[in-house]
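**Student:** Protein chains in written order, with this note's numbering: chain F, 664 to 774; chain S, 16 to 506.
Honestly, the hints are just simulated from the structure, not real lab data. Quantities reported herein were computed from a predicted structural model and do not represent experimental measurements. Don't take each hint at face value.
A partial selection of chain S residues facing chain F, derived with a Cβ cut-off under 7 angstroms [claimed, not checked]:
1. I18
2. L21
3. F114
4. A322
5. V396
6. T398
7. L434
Straight-line distance between alpha carbons at most 16 angstroms, and here's what the computed EDC-like set of lysine to aspartate or glutamate pairs gives [said to hold, decoys possible]:
8. S:K100 with F:D752
9. F:K744 with S:E250
10. S:K251 with F:D745
11. F:K772 with S:E350
We treat Cβ as the ideally placed atom computed from N, Cα and C, and that holds for glycine.
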Amino acid sequence: MVKKVYNSEQIEIGDDYMKVSKEEILHIANLSDLILEENEVEKYLSNLQEILNFANIVSNAPVEGLDITIGSNEAQNVFRKDEIKIFEDNKSLLQNAPTQDQNMFKIPKVL
Amino acid sequence: MDITELTVHELQEKIKSKELTITQITNAYVDRINEKEKDVQAFVTTLTEEAKKQAIEVEEKINKGEITGEFAGIPIGIKDNMCTKGVKTTCSSKMLENFISPYDATVVEKLNNENIIDLGKLNMDEFAMGGSTEYSYFKKTRNPWNLNKVPGGSSGGSAAAVAANLVPWALGSDTGGSIRQPSSFCGVVGLKPTYGLVSRYGLVAFASSLDQIGPITKDVRDSAILLNIIAGHDEKDSTSASREKVDYTKCLKNDVKGLKIGVPKEFFGEGINKEVKESLQKAIETYKKLGAEVEEFSLDIAQYSLASYYIIACAEASSNLGRFDGIRYGYRTPEFTNLKELYKKSRSEGFGAEVKRRIILGTYVLSSGYYDAYYKKAQQVRTLVINEFNKGFEKYDVILTPTSPTVAFDIGSKSDNPLEMYLADICTVSVNIAGLPGISIPCGVDSQGMPIGMQLIGNKFCEETILNAAYTFEQEVKFREKYKPQFKQNA
Numbered sequence: 664m665v666k667k668v669y670n671s672e673q674i675e676i677g678d679d680y681m682k683v684s685k686e687e688i689l690h691i692a693n694l695s696d697l698i699l700e701e702n703e704v705e706k707y708l709s710n711l712q713e714i715l716n717f718a719n720i721v722s723n724a725p726v727e728g729l730d731i732t733i734g735s736n737e738a739q740n741v742f743r744k745d746e747i748k749i750f751e752d753n754k755s756l757l758q759n760a761p762t763q764d765q766n767m768f769k770i771p772k773v774l
Numbered sequence: 016m017d018i019t020e021l022t023v024h025e026l027q028e029k030i031k032s033k034e035l036t037i038t039q040i041t042n043a044y045v046d047r048i049n050e051k052e053k054d055v056q057a058f059v060t061t062l063t064e065e066a067k068k069q070a071i072e073v074e075e076k077i078n079k080g081e082i083t084g085e086f087a088g089i090p091i092g093i094k095d096n097m098c099t100k101g102v103k104t105t106c107s108s109k110m111l112e113n114f115i116s117p118y119d120a121t122v123v124e125k126l127n128n129e130n131i132i133d134l135g136k137l138n139m140d141e142f143a144m145g146g147s148t149e150y151s152y153f154k155k156t157r158n159p160w161n162l163n164k165v166p167g168g169s170s171g172g173s174a175a176a177v178a179a180n181l182v183p184w185a186l187g188s189d190t191g192g193s194i195r196q197p198s199s200f201c202g203v204v205g206l207k208p209t210y211g212l213v214s215r216y217g218l219v220a221f222a223s224s225l226d227q228i229g230p231i232t233k234d235v236r237d238s239a240i241l242l243n244i245i246a247g248h249d250e251k252d253s254t255s256a257s258r259e260k261v262d263y264t265k266c267l268k269n270d271v272k273g274l275k276i277g278v279p280k281e282f283f284g285e286g287i288n289k290e291v292k293e294s295l296q297k298a299i300e301t302y303k304k305l306g307a308e309v310e311e312f313s314l315d316i317a318q319y320s321l322a323s324y325y326i327i328a329c330a331e332a333s334s335n336l337g338r339f340d341g342i343r344y345g346y347r348t349p350e351f352t353n354l355k356e357l358y359k360k361s362r363s364e365g366f367g368a369e370v371k372r373r374i375i376l377g378t379y380v381l382s383s384g385y386y387d388a389y390y391k392k393a394q395q396v397r398t399l400v401i402n403e404f405n406k407g408f409e410k411y412d413v414i415l416t417p418t419s420p421t422v423a424f425d426i427g428s429k430s431d432n433p434l435e436m437y438l439a440d441i442c443t444v445s446v447n448i449a450g451l452p453g454i455s456i457p458c459g460v461d462s463q464g465m466p467i468g469m470q471l472i473g474n475k476f477c478e479e480t481i482l483n484a485a486y487t488f489e490q491e492v493k494f495r496e497k498y499k500p501q502f503k504q505n506a
């Protein structure tokens, strides 16, 4: 039961369509390489639940049989020659790196 | 004469007739920034000293005959998500607080080719995610009409700077309304071009299938002029369209006789503020008086568009913002024990709450088990929205709606309620979902003196139609002659 909505007082979407659990949001945060502090989890969880309940309007849209649209311009492949173009200004590229060494990005040990 | 009150085409005339020099113009803007920026807080980075120097150089070159060009020496402001070589591009985020781009965005290159002078980088919601510019990491920009109100967003700095005469015109970007809604809130003209008309190369990506750069200006003619400068195919952006060059000022005919305007009744529903509705009704009457054929019709897509917009935009953002990992550029956490922890802590400390919220939502709707229910459905809704607009454009040349359901709201009144903030985009997002052009122009003020915006939507690449419709209305109503920002402040 979806009502026409324009502000949150008018939202009437019923029960949580897909209930998100605490474990799930922590899993999603992990996939996103984000850390949620213990005191943040509840807030993000209730925000996410509220937004998903709203977003669930799409499940009632009359889209039976419609194709998906990925981008708004007509689907077409754009080809160009595979030519190497060298960006020569290494210095200005590397100046943004938090740490660098001998013209290279420096990162912590991986293995 | 107050130089900063003039539009760009008026400045051009005065340069031509030698009434004004380039240095006079730039100096007037620098003085204005020094006077008013403390109230408006529109800039993340000001380039006032650099601009003054550049104005002298440009003037010398013109005098020596080394350069010509009708825009040489005109100043501009640029939203801080467009890369400017050698100048910080922060996206109003702690993540990019110290980022200096090694290259210019294509639009910036085009401005440089015209010897247009950059007065600075303008404030925005962090990574363009928001509708009030309150989500900037650095500062809250204030609405020049009432300093206790938001300027809208995410291009709030750009719209406020144009309204407050801190810049003669500005560039903004629009993913779900981020040019049009702040333009509406600040009583200026904002154009979101058709997806693909302007290159996105060097625009920090938020949602790549929706993002588009466009002009924010004092009037419609300036909008057409700036679009002339920035439009065009770019091999560095494969989604940019190859089309014949158009002079968008040629379409400004001050005539809408026989123009077919469709008014979708769903965009005038119960959630739209009464005074906004009344002002739009008056605008409709004006169009009728001017000889346009106005008709009500049904376009029942607003809520589907909004829901699918937040799914698609967040999904794309969660992917686009994956690049911020604290390695090659951007914020890096000071303390970490291994690479994974470096990534996670840098991202968690570098992004603000709204950005994290959208990354989490985007990752959720793309994750296994929910992809079909949310993301795929949203993409089908996108097809539905395009089909419904196509039906509309079979009958009408222009679709007319409010730009925003309300006028500018109080600072702090929505910033803690993400969904409430999202609902403010209800009138604008469908235009991005379908990749259409849309322009917001002021059509009146409410009882508190806050500007109300009207949105005109055109079919793909029909910028000329909506520009002429907007221009004709503007010539009739003369909003700028009647109303000016008052810099009001509550005690």
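**Student:** Identify every previously stated hint that the structure contradicts and give their numbers, smallest first.
**Tutor:** Numbers 1 and 2, in rising order.
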